[in-house]
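Asker: Okay, here's what each chain looks like letter by letter:
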Amino acid sequence: MGLRKFSLRAFLKKNFDFITGILSEAGLTAVIMGVTLVICVLLALISQ
Amino acid sequence: MILPLTREDLKVIGYNMSKIVYLIGVLLFLPIIVAVIYGEFDVIPCFLVGIAIAFIFGSLLHHFLKTEKEMELKHALVMAALIWLVAPLLASVPIWLANATASYLDASFESISGFTGTGLTLATDIDHLSHSINFLRHFLQFLGDGIGIIVVSLSILGTTEMSSVLAFKGEAKDVGIRPSIVRTSRIIIGIAVTFLLIGTILFTAAGVYAGLDPGTAVFDGLNHSMTGYATGGFSVRSQNLLYYHNVWIEVAAIVIMIIGALNFNLHYAVLGGKRREILRNMEVRVLLLFLVVFGMFVSANLLQLNLYSSGEALFRKGVFHVISAQTTTGFQTVPSSILMFVWPVLSILLLSIAMLIGGCANSTSGGIKLLRVGVLFKSLVMDIKRALLPKSAVVKGSFHHIDDVPLTDTVVKGAAVIALSYLILFSFGTMITVAHGYSMEDSMFETSSALSNVGLSSGITSPAMPATLKVTYMFLMWAGKLEIIAIFVLIGFIILALRKGIRK
Amino acid sequence: MKKISLLIAIFLLLTPGIVRAESGRELLENAAGFDGKQVTYSGEVIGVLMSGDFAWVNILDNGYPIGVWCRATDAKKVSIIGDYKHLGDTVQVTGIFHMACAEHGGDLDIHADNLTVLEAGQELDRSVNLLLAAIGVILVVIAFLITFHLWRLRKEKEKIFPWPFH
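Protein sequence lines, in the order shown, are assigned to chains V, G and D. Residue numbering for the first sequence follows the working numbering, beginning at 1 and increasing consecutively. Residue numbering for the second sequence follows the working numbering, beginning at 1001 and increasing consecutively. Residue numbering for the third sequence follows the working numbering, beginning at 2001 and increasing consecutively.
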């Protein structure tokens, strides 16, 4: 009974959807933060 | 015609509850492990008492209420309503015995706030709480709100009977990921654990960067990840996230709060390859819209007052709390007294509205839910169209939620009934709070926080709060978590029993 | 003696900006009134977060916590941080109070010029309550006995009336 050699490539390929899904959700949070931060900065600039 | 209740009806409810009561007993072993790790041996007896009471109660229910009768929807709803009272009451025993709160009522409040993922706290001296009790508070939020106690029991017990399906629906979950309810439950847990891990890593990294030692960073990170994903909002510190004075902790919090507020179905679709769903989904669009609009108005309002004058401050205080409110989490980086005495009324009102609207349906968030608000808004637009177009014109609407769903009268009615129920309870809660002498806007704020299971506090919630108000908020937290329908069915059950008695 | 006390009192009253030691409650509930003013604040240390040459020291006064931004050298004076098993050092700081600090993203804080340890912290007595421990163990045993007994009753009933007749 031999242990299969762990291959990062195979692991990534198998979990491609999962990983890209996580990245998409992270992207969504980044977009929300980015948009709202820009609005805050603009508001602060306008008021000065 | 509504048939009178029989003893068998009560037995079905009690018997099915027993399994979940046992489960609570078993889960109370986890904080004991934490107590052993941190050498807090004096707290262990508190948990032992709680575990014993759960097992005694569970055995009695299991033995004396044993029945072969099949569970129906009405039983499931009543059972869900009762379990969401019984489970917190059991978990409150160790909290009270460990002197984490001033009284048993406060411990029950804390426990219900935990289970429902609210986050309003009556714990005295959080900074000196034992790691195990603190872990319990946070774990209750992850268990009760992050996953759902009924979901957990289905996963573990693995039964696929009708009773399970109905119990699942009773917990206000209508997630149809997989044909098997057990498989669906396990997927929900899988998603929760995945994000728990990611959140822990983010918080831990930010914590170390903020100046914490690694051990503390991991403990704090794990707990905040649990309550962040569960959109609960409990913290291991009395200052909540203000303790860290660090923007990266707040960023980690924002990430996990938004993730927690998204629909389970959406997570499953996106993590399964349907990445486009993230932007096509109606709830995500509505969430984005509300966050931007509320964020803008709250920031502008705070700027008007000259309270926060830099872009960074507006983001870290204004937008952060809008996100905390909309996702119904309740992480707070502004002391409650500042919200009460300094923040302008308009911002408090906007946050209250955001809290009432809440997050996505079938997520860990509370509130009326973005899906319902979106449906009602679209329905309004359709009605306006109908009024403007010629009579012969046919106006049909739909919205995209994983699939394209037609906007029928049934869908709209369903959304309207829940929204109306929330607003009725909101008015009721606000009036009771005002009657205790608090200002209108603070009353609205605190009521929406309790009802939508948020946890942001303007300071009304404290151990010194009148007992009647504590009980009121406990009721609101409970009702809000079950999206009210289960509560109404329970009340209907009780009225039916009183009017027609219980037949043999 | 009376004259000296009177002089000191007049001096203190006339000295601008410096106010007597404030409680956490006063500062938090009247934050606008203290904004930008020099304050003296004391309490128990419940957290120290080092940040290069500076540090955050979170100080708890009677249930009201405030974060203090001070020099790292001052923060290092703290030996015991409050937690479950410890009462933290009691310290006093003097500095400018900010309701919404512009330097720290709007945080409510005090920028301290100095930090003095008034009283060293100590270990708290968290010994096992023997009575509670006994009750806990007894209840667990009772729970086990009841669960086991009822389970056996059901098993015996099944033997007499094998499924599906019971």
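It is possible that part of the hints are untrue.
[Claimed, not checked] Only pairs whose alpha carbons sit at most 25 Å apart, straight line, appear in this in silico BS3-like list of lysine-lysine:
#1 G/LYS1066 - D/LYS2155
#2 G/LYS1011 - D/LYS2157
#3 G/LYS1019 - D/LYS2157
#4 G/LYS1019 - D/LYS2159
[Claimed, not checked] From the structure, some residues in chain V lie toward chain G, with a derived Cβ separation under 7 Å:
#5 LEU8
#6 PHE11
#7 LEU12
#8 ASN15
#9 ASP17
#10 ILE19
#11 GLY21
#12 LEU28
#13 THR29
#14 THR36
#15 LEU37
#16 CYS40
#17 VAL41
#18 ALA44
If you are wondering where the hints come from, they were derived from the structure by calculation, not from laboratory data. Note that CB positions come from ideal geometry on N, CA and C, so glycine has one too.
Asker: Taking the hints in turn, state whether each one holds.
Answerer: Status of the hints after comparison with the structure:
no. : hint                  : in the structure
1   : G/LYS1066 - D/LYS2155 : holds, 13 Å
2   : G/LYS1011 - D/LYS2157 : holds, 19 Å
3   : G/LYS1019 - D/LYS2157 : holds, 21 Å
4   : G/LYS1019 - D/LYS2159 : holds, 23 Å
5   : LEU8                  : violated, 19 Å
6   : PHE11                 : violated, 15 Å
7   : LEU12                 : violated, 15 Å
8   : ASN15                 : violated, 10 Å
9   : ASP17                 : holds, 4 Å
10  : ILE19                 : violated, 9 Å
11  : GLY21                 : holds, 4 Å
12  : LEU28                 : holds, 6 Å
13  : THR29                 : holds, 5 Å
14  : THR36                 : holds, 4 Å
15  : LEU37                 : holds, 5 Å
16  : CYS40                 : holds, 4 Å
17  : VAL41                 : holds, 3 Å
18  : ALA44                 : holds, 4 Å
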